[in-house]
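**Student:** Listed below are the residues making up each chain.
There are 2 protein chains.
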Amino acid sequence: MSPLPSDPDTVPVEAQRHCLSRRELFGVAGVTAAVVGAASAGALAGRASAAATATGGLDEPVPFRGERQAGIITPAQDRVHFCAFDMTTDSRADVVAMLKEWTGMAERMTAGHEAVHDGAVGLNPYAPPSDTGEALGLAAAQLTLTIGFGPGFFVKDGKDRFGIARQKPMLLTDLPKFPNETLDPARCGGDIVVQACANDPQVAVHAIRNLARVGFGTVAVRYSQLGFGRTSSTTREQTTPRNLFGFEDGTNNIKAEDTGTLDDQVWVAKGDGPDWMTGGTYLVSRRIRMRIEAWDRTTLLEQERVIGRQKGSGAPNGLIDANAHVRLASHQHQNGIRILRRGYNFTDGSDGFGHLDAGLFFIAFMRNPRTQFIPMQSELARHDALNEYITHTSSGIFACPPGLRDGEFWGSTLFG
Amino acid sequence: MSPLPSDPDTVPVEAQRHCLSRRELFGVAGVTAAVVGAASAGALAGRASAAATATGGLDEPVPFRGERQAGIITPAQDRVHFCAFDMTTDSRADVVAMLKEWTGMAERMTAGHEAVHDGAVGLNPYAPPSDTGEALGLAAAQLTLTIGFGPGFFVKDGKDRFGIARQKPMLLTDLPKFPNETLDPARCGGDIVVQACANDPQVAVHAIRNLARVGFGTVAVRYSQLGFGRTSSTTREQTTPRNLFGFEDGTNNIKAEDTGTLDDQVWVAKGDGPDWMTGGTYLVSRRIRMRIEAWDRTTLLEQERVIGRQKGSGAPNGLIDANAHVRLASHQHQNGIRILRRGYNFTDGSDGFGHLDAGLFFIAFMRNPRTQFIPMQSELARHDALNEYITHTSSGIFACPPGLRDGEFWGSTLFG
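These protein sequences, in sequence, are chains A and B.
UniProt numbering applies: residue 1 is where the first sequence begins, and numbers increase by one.
UniProt numbering applies: residue 1 is where the second sequence begins, and numbers increase by one.
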């Protein structure tokens, strides 16, 4: 990646006025080669950010450090690359070294730079480039990288591999078996998760790939999932998008502005668990395969009955069915339970039986999975009218620490 | 989908100046519900198109009818959903009826409308909606739908199912076996292909899904592939993007402006084959899995030697290796052969062995596969230094007719 040209005067008026992609902007301004070849990305960072703001924010960097990890209440970006890793080492030192290296790379990449200074073009032609290069010339695209630790990171097969078993949160245990799920074990769990969200999928894929690359020997990719369209809004300014059932989703999501609700329902409070999780949150992921072909053959009335909303306007039905999805999932029905949803639509080709392998990759953040997701999903899995059209095919749970202060690295409070 | 608000005065200055997504634009303008609920998409079509132009073109519709099919020399959009179908009927009448229905839907969807007038919200609540709805509120996003017919559309297992065996072009035969391929039969071939390209993946997925839906009983999805980043430019204005090896690709592609070369190398001339193909072209697809983890561990020198280019600048190496990819693929080396490339990067999760299942979904258009792709690929498959890092996992060949004149439908000249 490279910064935008620093001087607004070098950007043609046409490019400022119109909605050009960053690629086109570079093309028009003719600066790609010069920036890539000669300029130090670091030196131009501040100006890059300012320039990006001027084009509307979707290309802009999101701050990496802060009280919370980015990628949770950050306005939901349009694409995700979600990647779960298995640890392939028993060495605590190797894990710590990798997490330090990842932190440095993540901070650079989220700022719109290569993973390592001059990484893609290399200072040493006799060594592998330290950045894979496919994001050269692309903007930061609001990339966020959010890390979480799975149960197996602390204890695997009863073994305390890294001397952190005592730091394992009580709430971080594999989810129970629910009705209406056909889980693929290869797509479940994971010792570490990194959620990469961005408005340009190539930027998200590049980030995960470079983390996986330097993690070789310490971690291996267990599974990864691309999502192409956000299904939730996480700020009041964002509109409510549609899922692959064609309905608006996430209308009643917790928003970044609801600070009281976030404290109640999303952020782990002091005393909730181990100190390192204070200010953090739990991530639950579920790959929800939608039987879209069956859905597409049902009547509009049935679809609206099952969901509990009008398809066109998104407004709630006048008379909502007892088992309608929005009714069962509502906090009014769920004893006040709410979660912060941040899922994505996916289509993974076809399933070999003439159907699209498509659905919703559900991602949610919450303060306490045991009192929030588990009862909520138990109720939905038993009664939701939508169950006829969906099945859950993967499941994951991860403890996401709070944001990093200066000098900290991912996991530093855990290993410190 | 819905048109933009017709009156520019209703769009806040903020939205006009900044690069908002169409979703946000709707949110700001607050018109989604009104447009979806009340307005006829058709009535506002002209204004929608004009408004889209004003935001820079990436949301704009591409004309569906014309001398050529759109999606070939159209400026390469950023995303693809490529879908191959098998015929599941022996009825010529069913095939013709489906192609007529598809044409009407394709014309509407590429204009930024629902697949059927008022399709998503339905005029009859007791019937399934005739549009699946997930693209309501999204722009046309330069959607193009390009159709091609595979060998099996004409003759399958020696059988002339639809009475068109005599219309089968001589050049439309399955590609020969090449070295360095490990083809998955389930991902090869197909009787019909539809290439959906758009700048919003949800728009491309929506289009394929709705065609597959109404095709039920006549066709079934054989395989489909999502691509997230274009790897070629097809006009001189487009910049050259990077593939997942981190290199610029498609620098020397045939461009829309090269009309002489297009006539020589891409468009089928009168007398080349059956009349219905005059002005058409052949599409060859190859899913090329990249061994990106192995690649990422090679030195910059080796990478640049294998490709034959500088990674940073994209400039050719001073001394190009005899087997460098760009040398072997060049038309200077290939006896003047050129093809129009229009491929996409893909990442389909992981392969179960700790590696990302990623690569390049190669799509190319040419006048004669027998004298263009086959010799070109035979040479590359034997000598290309890149072969150590790639393997071809799927293959397809399709005959794409010319564009439609008013009153014509997909295949009308073939069945007429």
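Since the hints were made in silico from the structure, they are not lab data.
Wrong hints could be hidden among the right ones.
Any copy, or any two copies together, can satisfy a pair, since identical chains are not distinguished.
Taking lysine to any residue pairs in the SDA-like style, the calculated list, with each CA pair at most 25 Å apart, reads [to be verified]:
1. Lys100 - Thr299
2. Lys156 - His333
3. Lys159 - Lys270
4. Lys156 - Gly354
5. Lys159 - Ala269
6. Lys168 - Arg236
7. Lys100 - Thr235
8. Lys100 - Asn252
**Student:** Decide, hint by hint, whether the structure agrees.
**Tutor:** Do the hints match the structure? See the list:
no.	hint	in the structure
1	Lys100 - Thr299	between (54 Å within a copy, 24 Å between copies)
2	Lys156 - His333	neither (37 Å within a copy, 56 Å between copies)
3	Lys159 - Lys270	neither (28 Å within a copy, 73 Å between copies)
4	Lys156 - Gly354	between (39 Å within a copy, 18 Å between copies)
5	Lys159 - Ala269	neither (28 Å within a copy, 70 Å between copies)
6	Lys168 - Arg236	neither (35 Å within a copy, 56 Å between copies)
7	Lys100 - Thr235	neither (31 Å within a copy, 43 Å between copies)
8	Lys100 - Asn252	neither (38 Å within a copy, 41 Å between copies)
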